[in-house]
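Numbered per our numbering, the sequence shown spans residues 83 to 333.
Because the hints were derived from the structure by calculation, they are not lab data. The reader is advised that the hints may include incorrect statements.
Below are the PhoX-like pairs computed for lysine-lysine, each with C-alpha atoms no more than 20 Å apart in a straight line [to be verified]: (1) K240 with K303; (2) K244 with K290; (3) K144 with K111; (4) K229 with K249.
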Amino acid sequence: MILVTGPTGSGKTTTLYACLNEIKTSEKKIITLENPIEYRLEGISQTQIDAKKELTFAAALKSTLRQDPDVIMVGEIRDFETADIATQAALTGHMVFSTLHTNDASGVIPRLVDLGLRPFTIGPALTAAIAQRLVRRLCPKCRESRKPTAEELEFIKKELGKSYPKKGVSQVYEAQGCKHCVDTGFKGRMGVFEIFKVDRHVEELINKRASSLEIFSTVVKEQDMITMLQDGLLRVIEGETSLEEIERVLS
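All chains should be modelled from the sequences, with the hints used to inform the complete structure.
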């Protein structure tokens, strides 16, 4: 099972579709359960959830498993029954994609426990947890470079740690505005991410009911996980977005 987390409008479903598009083949039976169906993908079976007709995520998931799918995408896990069925599906060999509402990737596990799942079933079922946010991309036609202040450099260096570029940071970019971007200074959006895999050590932490802070500290130290803030700052250094935008979204 792979879970993507973030607030409403952070692009979670788009990430799931990108995953499905990457792995789909004519030999794989892929079924999605969605509310609403946001994209149409050829070669997969997509199901619209309708609670008024008692077709909930949990009910649809039970029915879907009887069709022997290879891959299942559940639009959102929001209750114990859906979480339990999805976990059991993952434990019995199905590949399951879904979303949760938590602040970061490490919050996925305490959230599943809060929903009522037993820790010893989460570890074997969960493969990875992803968290994401969407930030606006600087308009390439009018973005303007400037020298970062001493405070900004100190902040970037402190947050990036080992990921801080050896050559340093000589410039950052900020929004200006032109006809191309309708005077907003931005053109399009992109995701910033963090992801960790559930290895033996993380599984031990899950069984001990460790807090999200303990899990976060462990995966940063042992898996060198790049956090969403670090990913955003790397995009700032590359000139793709601004410090102000990263502060607005990830502060």
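Going down the list of hints, with the structure as the test:
1. K240 with K303: Since the Cα atoms of K240 and K303 sit roughly 15 Å apart, the hinted pair holds (cutoff 20 Å).
2. K244 with K290: 30 Å, violated
3. K144 with K111: Status holds; Cα separation ~16 Å.
4. K229 with K249: Given that 20 Å is the threshold and the Cα spacing comes to 15 Å, the pair holds.
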